[in-house]
Every structure is written in C-alpha cells, then in structure tokens.
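Dock chain B against chain A, hints included.
Residue numbers (this note's numbering), protein chains in the order written: chain A, 2 to 113; chain B, 311 to 625.
Hints are computed from structural coordinates only; laboratory data are not their basis. Idealized CB from N, CA, C, for every residue including glycine. Among the hints, erroneous ones may be present.
Negatives, chain A to chain B, calculated, CB over 12 Å [what the hints assert, rightly or not]: (1) Val10; (2) Leu11; (3) Thr12; (4) Asp73; (5) Gly103.
No more than 16 Å apart at the CA atoms, straight line, and that leaves these computed lysine to aspartate or glutamate pairs for EDC-like [stated by the list, open to error]: (6) B:Lys506 with B:Asp545; (7) B:Lys592 with B:Asp545; (8) B:Lys433 with B:Glu562; (9) B:Lys323 with B:Asp410; (10) B:Lys592 with A:Asp36; (11) B:Lys506 with A:Glu87.
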Amino acid sequence: MNISELPRVLTLTPVQEAFDDRPIAGAYTSDLLSDVMARASADYVLITIQAHRNTVAVASMLNLAAIIICNDRPIPDDMVEAAREERIALHVSGQTQFQVSGILYAALGSKG
Amino acid sequence: MESIPIDLNSGPKAVLELIYRLKVGDVMSRDLATAAPDASLRDIRSLMRDRGISGVPVVEGTRLIGLVTIENILEALDGGWIDQSAQEHMTRSVIVLEADMPLTFAITYLNRYGYRRFPVLDKNGALSGIVSAKDIIRALLVEMNHEVERLEEGLAKAEPAPENTSAHSKSFSFPTRHWDFETAGRASAALKSELKKRGVDPAVQRRASVTSYELELNQVIHSDGGVMEFEVGPDKTVITARDTGPGIANLESALTEGFSTANEWIRSLGFGAGLNLPNARKSSNEFSIESAIGKGTTVIAVILHTPKTEPGSPV
Chain A
2 MNISELPRVL TLTPVQEAFD DRPIAGAYTS DLLSDVMARA SADYVLITIQ AHRNTVAVAS
62 MLNLAAIIIC NDRPIPDDMV EAAREERIAL HVSGQTQFQV SGILYAALGS KG
Chain B
311 MESIPIDLNS GPKAVLELIY RLKVGDVMSR DLATAAPDAS LRDIRSLMRD RGISGVPVVE
371 GTRLIGLVTI ENILEALDGG WIDQSAQEHM TRSVIVLEAD MPLTFAITYL NRYGYRRFPV
431 LDKNGALSGI VSAKDIIRAL LVEMNHEVER LEEGLAKAEP APENTSAHSK SFSFPTRHWD
491 FETAGRASAA LKSELKKRGV DPAVQRRASV TSYELELNQV IHSDGGVMEF EVGPDKTVIT
551 ARDTGPGIAN LESALTEGFS TANEWIRSLG FGAGLNLPNA RKSSNEFSIE SAIGKGTTVI
611 AVILHTPKTE PGSPV
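With the rest of the complex left out, here is chain B:
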C-alpha cells in the first residue's frame, strides 16, 4: 500500500493551505493509456510494460467500465487466460474521483483503500485522467517549492486567530475552506465546548452548535472560503459567518428548503440538500443575511442563552 504521510487534521498550516488549493484535476495525469473492452490481456500487459504503469482503464467511448491492474495480469498469467479479453477479467467495481474534488480526497482515498491509483471523471462522468501517489507527491513538491520561495521572500504573513477573553465574553474565529469536509465542524465544536464550559442550557448549546455547523457547512460547500467568528457573552452568542465569494444570486431561493446548487459528490456525503441556511435560520433567535455577487456573503445569527424559546425547532 502506498500512503501519503500527511496529517490532514493537524499538519503544518502552510502545507495544508497548499493542499486545499489543489484539485484532483490539477494533479492527475491526462496522458491516458486506455484499452477497449475486447482488447486482450496480453496486449494490455505490453501497454503496461511500454508505459511503465500498473493500471489501465477500460473504456467504451469516454465511459469508464473497468480497470485492468497488474494483479489481474498476474492472475491471468498464472491461470492461463492471458489471451482472453479485458472485459472478461477486469476489475469492475472501481473507486473513482472527480476532477473538481479537493486533493485531500485523493490523499484520504489512497490511505483508506490501499489502491495505487484512481481513475478521475469529469462533471459529465467521462474519464478525464488517472491519479496515483506519484502524481500527488510530484504536485505537492512543486507547490511546496513555490511556498518555500514565498516564505523566504517574506510574502507569507502569519495571521494568528484573534482571541479575546474578558470576564464575561469571549471571541474567537476559525477559517473555512472550499470543499474541506475533512476539517468541517472544528469551529462549531469549539463553540460547543465553550458553551458547555459556561454551563449554558444543553438545548441552547445544541441550537447554537446546529446554527454554527450549518453556516460552516454552507461556507465549505458553496463559498470560496471564509471565516467563522464567534462572540460568546453571558446571555447570548453572536455567530458571524463571512465569506469572500462568490455571493448568492437569489437570497430568497437560498433560504428555501430544498434549493441547492451543490454537486453530485457533495450530495453523496449526505449534504447539499438545500437545508443549511433554512436550518440555521430556524435554530437561531435572530438571523440576518447580506450577499453581493463577486463580493461574498455575511450571515449574522444570534442565539439567546435563555432556554425557554425554541424557535421553530422540533422538540
């Protein structure tokens, strides 16, 4: 198994930043060697040898139907079916990535599934590339070189998250990144533990956490990245979710349950059903949203620490 030893939760910030900038489509090999379903395994073996690769996607037109791996070839040589066709012996259940997924998905998949390469599909489901550990390592090295150059030139400015604590109120903030589901929830977990520490009513803790998590997810799914700011006072929590774009075209639609512009793989995780903003509004006592195309969106939600009213949320 080839794994990539990068801690996506608590690795160095500079390294994580550059990983989140990259998409699978940026690092994959586009120069594809593919085979037709009726190609013989012997021919595919030659292709692997000539190109120095260990997996060949089998395609019908642009549609991926399977993968012939070096293991399939070894079995064929052992079992005596090397002259039979790819479609008879290929691996049919293939785990794929999409070109617009963040690179973190590829790293997580390599570490999780132990396969050496993943075919990459475009938005329309057509095969557009293949990504291996080698591709990822190469891309990361190139990016790291750029990053070190930037650091040396003193261009990278460190921005520690501001944290102010007075006797009664505390403010803190967390950055969010587009499509970073791996760390989504950190900001909301911090809010929850702060409220718990203060002994705030559990039902209020829950409403505040839900509001915060929905706003955080909304930034992760839809924005170019942003920041979650919290101000926890003695009797209320103010959550400000600020992002830098792209802005919401129709606020009324965005606040309607079921309206979503999320793509297919986000939906496959169980998100992107158009409930983030409506849920956040329901769970808070005050809710305001401002958005401008090209500039970004700011949501301010207030949660009162008095347990009596549970606006709109089911009991």
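Just chain A, with the same shape it has in the complex:
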C-alpha cells in the first residue's frame, strides 16, 4: 500500500500533501517521541496525538512515510509548514489511535 492510498482506507483529512509517494513499510503508534525514535523504522506511518513541529523533526530523521494526528487535535501552522519542507504527508483523523491502528493493521497485513 502506498502513502497516497491512506485517505482511501482511513477516515482522515489530508493536511499536507506534498510528499514523494512510495510503499508504506509498516506503522508505529506512540505519543512518546523518544520511543518513536528508538523503534519506528523507515517508511513507517506514525500514529500519534503529538501535534507540534518536533514530531515532524522526528519523522524526518527516521525517513517516516506519513504522520497521522488522531482525535482531531488541532495542528499548528508551523507544523504544517515543517511537514511541507520535509515532504512528509500529514493527516488528521477524528478517530482514536486505537481505531486508526486497527484499520491500518488490517490494511497493511500486520506489518510493523
């Protein structure tokens, strides 16, 4: 499944869509960015509620595929700007981390 297909399988609103489309390798769900740094792999989707610019910095260091912000958390402008600069897809969803993870787990065939 490619990054561009995320809106097809999940209920979400794209916030930043300037990215290089490629296959998703897996996903990681955590609100602890230090934990994400230790465990998420390249081309993973990050599912979190940490809506701030440092999340984009973490995603960029790890070459993550996309960030999904759950629970309709408001996304500050500087986060969108950073995601655009780093070419990381950014989405917001009204669903919880559990729901998004569950749907993605099924769609990706339990990778990650």
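What follows is chain B alone, placed relative to chain A:
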C-alpha cells in the same frame, strides 16, 4: 489578535540569543489581580476598570480554576447576568504557561492561539503570575537596550561557526540552547543532508541522524547549552556533543532507559522519557561519554558508513 513579529527560526542572532536567555517567569506580571469563584462579574468588571486589565484569573487558594475575560463581561452585560458569580460564566479551559519555560513559548503561544494573556503556574501548579504581549514587549525592549549597549562597547564577539571542507571530509558545528525546542533538530538535519549528498546508505543516514538528534535533544533538555560538532569523512561520521554544564551526577543512571530528570512540560511534548542517551548509544558504532559536575558533558559518537552492521537497532 496581538502577535509578536519575531521570527524564532531565522531572526537576527543577537535578538534570538536574548530571547532564549529570558524565561516566562522573568517577564510575567507578579502583581496579580485575582477573584474568588463566588465574586460577581460586576465586581470583576470594576477590578478590570480600576487596574486597566482585560483578564482576571479566578482562584481557589493558589489554584487556578478559570479566567474571566473582557469578552465574558461583555456577554454578561448583553445577556443580563452581570450580577451572577464568576464560576458560573468564566472561561474554564485556560491555556497556561509555566514560569520556567523559555520566553519563546509565550511568543509562540500568543501567535498561535490568539489569546491576549496566559496565566503562569509555578513548579507546584500554583498561580504565580500572568503574561501578556505588553509584558513581553517591555522585557524585550529592556534586554535589547542592554544588548545594544554591549554591542556598542564592542563586548559582543561574533563567532561564526567554523566550517572546513577538504576533498574527503567536512566539519561543521551548531550551537544548542537550553529548552530551545523551536530550533532543535537543525544540527541533525544538516548532518542528514550532508550524508544524503554524499550518497551514504539510507540506513546509515538514519542511524547517524537518530544519534545526532538524540544528543541534540539531550543538550536542549538537560544542559545549559552546548555545541554539536560533526566531522563527516569518507567512511565514518564523528559526532561530538559538548555542553557547558551542569554535568551528569550518575552516568550509569543516565544511560539506563527510563531514567530522566526532565520536568512535566517537556514530557508533555513527548520527550524526556530517559531514552536520549541509551538510543544514541544503540544507534552508534562507538560511544563514549565524559561528565563532570559543574563543568559539563562531552559525548563522542562514531557512525561507520558501512551498511552491514546495525548495532542494536531494530530492523
């Protein structure tokens, strides 16, 4: 909306330096006008008029429970409930700052949320002040005056970041500042783009970036500020993270996952879980750390550019 037109990413260095020196607690008004939950909105309106303010924190003892704003008063006058109590009509979800946060947080919050003032809590969660755009502008003007005086006296010395490029290796460095999360990651982003330019294996780029970012965050969260130095050679990258204090009391604990001395609001950003140094060690091929209380900490991490070994990191 009152916003403060300062670019925290690329503003003049001298201005940024002085902003990062200041904490919210340094600029806030401590002379607080507060109201009890059962105070009438009419009394609070008088308080606002007498003191020339537009927001009054509502407190129970020292605990903040809400805020009555000028908008609440206007609604009350319109709706005819000006004689009712504060607790019935106050704004309950209030965004607060902490006194030990850097001033950049207050500037970012004012620009982001469009509120005119933020109550400030101390370490124990007690209300200790209130900060408005006016307070910030006043404090910045005072600091800028000092800074200009210093510049005129020729005391401020410019230190351009040294950059040496030879055919095969390149060295560069970035300063870090205590609690400056707004620009944290710059040094690591520069390293990543250098490695990318050289066509280094993506998995190696990633390990080097993670090591660097963890060390950078460690300086931002725990040190009084420091410098991140990089030497990128043909077959390895050497990262030296040097800070000027306060030093680590127990190195063994600092390298243990989950041990952290970070405070509450750093944790709320998703950092400070005691994983910075252990992650940096795991992601590098060689890792050494030296620390002395009162002097500072130096970490040297080496990342080999050979993609085969991924020491300790999950695949």
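Here is how each hint holds up against the structure:
1. Val10: Fine: 25 Å to the nearest Cβ keeps valine 10 (chain A) off the interface.
2. Leu11: Non-interface label on leucine 11 (chain A) holds, nearest chain B Cβ at 22 Å vs cutoff 12 Å.
3. Thr12: 24 Å, holds
4. Asp73: Per Cβ check, aspartate 73 (chain A) is outside 12 Å of chain B; nearest 15 Å; holds.
5. Gly103: For glycine 103 (chain A), whose nearest Cβ neighbour in chain B is about 22 Å away, the distance exceeds 12 Å, so it holds.
6. B:Lys506 with B:Asp545: 14 Å, holds
7. B:Lys592 with B:Asp545: 19 Å, violated
8. B:Lys433 with B:Glu562: 27 Å, violated
9. B:Lys323 with B:Asp410: 22 Å, violated
10. B:Lys592 with A:Asp36: 13 Å, holds
11. B:Lys506 with A:Glu87: 14 Å, holds
In summary, the numbered hints that this structure violates are 7, 8, 9.
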